[in-house]
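Once you've looked at the hints, go ahead and assemble the two chains, each given alone in its own frame, into the complex.
Residue numbers (this note's numbering), protein chains in the order written: chain A, 56 to 186; chain B, 16 to 276.
Treat the hints with care, as some may be off.
[Said to hold, decoys possible] Calculated pairs, DSS-like style, for lysine-lysine (alpha carbon to alpha carbon, straight line, at most 25 Å):
1. B:Lys226 x A:Lys140
2. A:Lys103 x B:Lys57
3. B:Lys157 x B:Lys226
4. B:Lys202 x A:Lys91
5. B:Lys57 x B:Lys157
6. B:Lys65 x B:Lys263
7. A:Lys103 x B:Lys59
8. B:Lys202 x B:Lys91
9. B:Lys123 x B:Lys157
10. B:Lys56 x A:Lys140
11. B:Lys56 x A:Lys103
12. B:Lys209 x A:Lys157
13. A:Lys140 x B:Lys59
14. A:Lys140 x B:Lys57
15. A:Lys140 x A:Lys112
16. B:Lys202 x A:Lys97
17. A:Lys157 x B:Lys202
18. B:Lys157 x B:Lys37
The hints are simulated quantities; they were obtained by calculation from the structure and are not laboratory data.
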Amino acid sequence: MSDKKLIIAGVVIFVALIAFPFWFNMGKAAPAPELKLTEHAKTANDGKCVMPVDYMKAEHMQLLDVWRHSVVRNAERTFVNTSGKEFNMSLSNTCLDCHSNKADFCDRCHNYASVRPYCWDCHIDNPKETE
Amino acid sequence: MEDSRRRFLMLAGISAVGLTAKPVLDAFAAEQKQHPTIGLKKAKDALTAKQWGMVIDTRNFHSADDLEPIIEACHKTHNVPSIENEHHEVKWIWEEHFHNAFPGLAQKYQDERTEHAPFLALCNHCENPPCCRVCPTKATFKRESDGIVLMDFHRCIGCRFCMAACPYGSRSFNFRDPRPFIEETNKSFPTRMKGVVEKCNFCAERLAVGKLPACAEASDGAIVFGDLYDPASEVRELLRTNYTIRRKQGLGTEPAVYYIV
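Bound-form chain B, shown alone (with noise of 0.2 Å):
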């Protein structure tokens, strides 16, 4: 009895192996027919880099009618609304004083030029971004391909610990709807949605492409983009011909944005 008990166990558990076996093989043989080889690539007139960097010459800047094309090459761009109550504002790249950009830097007595320049401020795409530290979903990232700090928005939850992390108010949130405050859309390039954060991508749509971003477009030759560990770069090479500064250096974000004051 003990034996045919066990006899049966075990021919049960082999033909429950062998009735199983086959179906499972069958969806792997199916799974491997449904995805075929399809290749993922750059373009080929993709602007490539180690680290996209920034020098934005602020001696030419002296009202804010000179930052106006700039900022709204690059709204205009990347759809950004602009909302008049100041606490849904969205912005992407903006105006900042001296003495908020640089608050470390600022003098008590400061020279009349900085002290009323207009000076440009956006996400500095640090290369130790606390803001990509602190997101709980991994919706804003720094790319290893280009170490432009970069968000997908899809991912995004809207928690705003970013905002928290971020030492430059680089970020936005989208309080409302963004779209009925649009006036222009961009059709080729995607809005977002209510509660999502956003920030300046470095234009990386325009370097997958072979452009320069819109505000360096914009601007006149007065704001150079370029690759910041090629040490044969234009970016480089005027951080070797001028003394810049960087926005809150001493809190160790390395930012990829420097300023000719």
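Only chain A is shown next, with the shape it has when bound in the complex (with noise of 0.2 Å):
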């Protein structure tokens, strides 16, 4: 029991340089990402995305997929919303029609949750830019 001090000792500098990550970056949280909404995304269709905002934040990549699994293999292009409207399921097409501003709406939240989803390696990030 000669080693006790040593012993306390190394595991208190074990355990801090463990917890290293928590202490360090402690209180320094980076803020959620504010999103900009563009013009035509406030006033197009009353200001309603296809679905509920809180539906879209959590679950758009899953209505993307089924967005995907109908387009492209049903051939079912028109999609209904719980309020019996209709739209194309086109990512380039529909949502970029309105969130025409990628840099500022897309990537501000897929930043900050480190998420890198590649849509943009195919579909075009800016239908309505003109060269």
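In structure tokens, the structure reads:
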């Protein structure tokens, strides 16, 4: 038991090192990103997205997956939302028609959440942009 | 002692069920709320068929210049890159010599017209497509609703089995990022990315909005598009009244593209 002090000191140092990311970043959490809506997004369809905002925030990827499957595999390209309104299921032509500000809309959240969707490798990110 | 232990275990089990059942039921209830009723359907003006097919009247094509606008219409519509290096070339519809397009039918002494005439080649949208059989991810598949052999680029892992399986060379691989090689981007259609296979999609995206394929539209009537299973369709009428050939018919793939020679 003569090493008691050493052991305790070692344990303290070990715990401090292990917990380094926690105490080093304490209070430095990045604020949740603020999304910008384009004027078109605010006015089109009475400012409503294809589904309620909360649903879109949490589930847009699942919705897009349903859309992809429906369009590619079943040749069904028209989406009817809960209030009976119809939309063309297209990421570039429908979503980005309103949300034409990818950098301030899509990217802000994706960067914050550190997700890197590869949608834009193929889908054109700003269909309205003129060269 | 034995009795009370058994009793204790029973009680513990029942309370565990009681404690865990509610959150599970709650989750199920929430799940129901999260997925409200939505509908997925075809657009009203969408063109439909059991098996789309094509008849190409090659008598209208005399030189490569006649095919040029058709190929360009297709490649522009679908953001097909034009890459100089033929090893990296990507093509959806292209020009072929008779003896390459129809190897079993080329004669020793071929007539001059077919010997020199250009033939349009594209994906045959086979009724028995070997490419779909070999695809390990079902990225390429025969769509049951209209018989189009389609690609789901999201699923393609770039193994190129389909390219090996296709007897018509209809598939191209993106060896490099195609975007820098697209001169004029059609913004309403996606591009592809490096590492996926691509090919003609019989203009599935145009049929969905009631338009005929871009090549048929640009061909001045030399390419007729329609439902092969509908005896009253224009393609069937052409097949009834003209002698037609198909590419490598003996392989049993049942191509849906017919040629009037």
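(message) So if I understand the rule, the pair passes when the alpha-carbon distance is 25 Å or less; does B:Lys157 with B:Lys37 pass?
(response) violated, 45 Å
(message) Checking one constraint from the list: CA of B:Lys57 to CA of B:Lys157, max 25 Å. Satisfied?
(response) holds, 18 Å
(request) Measure nothing beyond the straight line between the CA atoms of A:Lys103 and B:Lys57; if it is 25 Å or shorter, mark the hint as holding. (result) holds, 23 Å
(message) Against the 25 Å threshold, does the CA-CA distance of B:Lys56 and A:Lys140 hold or violate the hint?
(response) The given pair, whose Cα atoms are some 12 Å apart, holds under the 25 Å limit.
(message) Hint check: B:Lys202 vs A:Lys97, CA-CA at most 25 Å. Holds or violated?
(response) holds, 23 Å
(request) Compare the distance between the alpha carbons of B:Lys226 and A:Lys140 with 25 Å, and conclude whether the hinted pair is satisfied. (result) Cα-Cα ~24 Å, so holds.
(message) Holds or violated: A:Lys140 and B:Lys57, Cα atoms, limit 25 Å.
(response) holds, 14 Å
(request) Measure nothing beyond the straight line between the CA atoms of B:Lys65 and B:Lys263; if it is 25 Å or shorter, mark the hint as holding. (result) holds, 23 Å
(message) Check whether the Cα positions of B:Lys157 and B:Lys226 lie no farther apart than 25 Å.
(response) Distance of about 21 Å is within 25 Å: holds.
(request) Below or equal to 25 Å on CA atoms is what counts here, so check B:Lys202 against B:Lys91. (result) holds, 10 Å
(request) Below or equal to 25 Å on CA atoms is what counts here, so check A:Lys140 against A:Lys112. (result) holds, 20 Å
(message) Against the 25 Å threshold, does the CA-CA distance of A:Lys157 and B:Lys202 hold or violate the hint?
(response) Given pair A:Lys157, B:Lys202 holds - Cα atoms ~15 Å apart, limit 25 Å.
When held up to the earlier numbered hints, the structure conflicts with 9 and 18 and fits the remainder.
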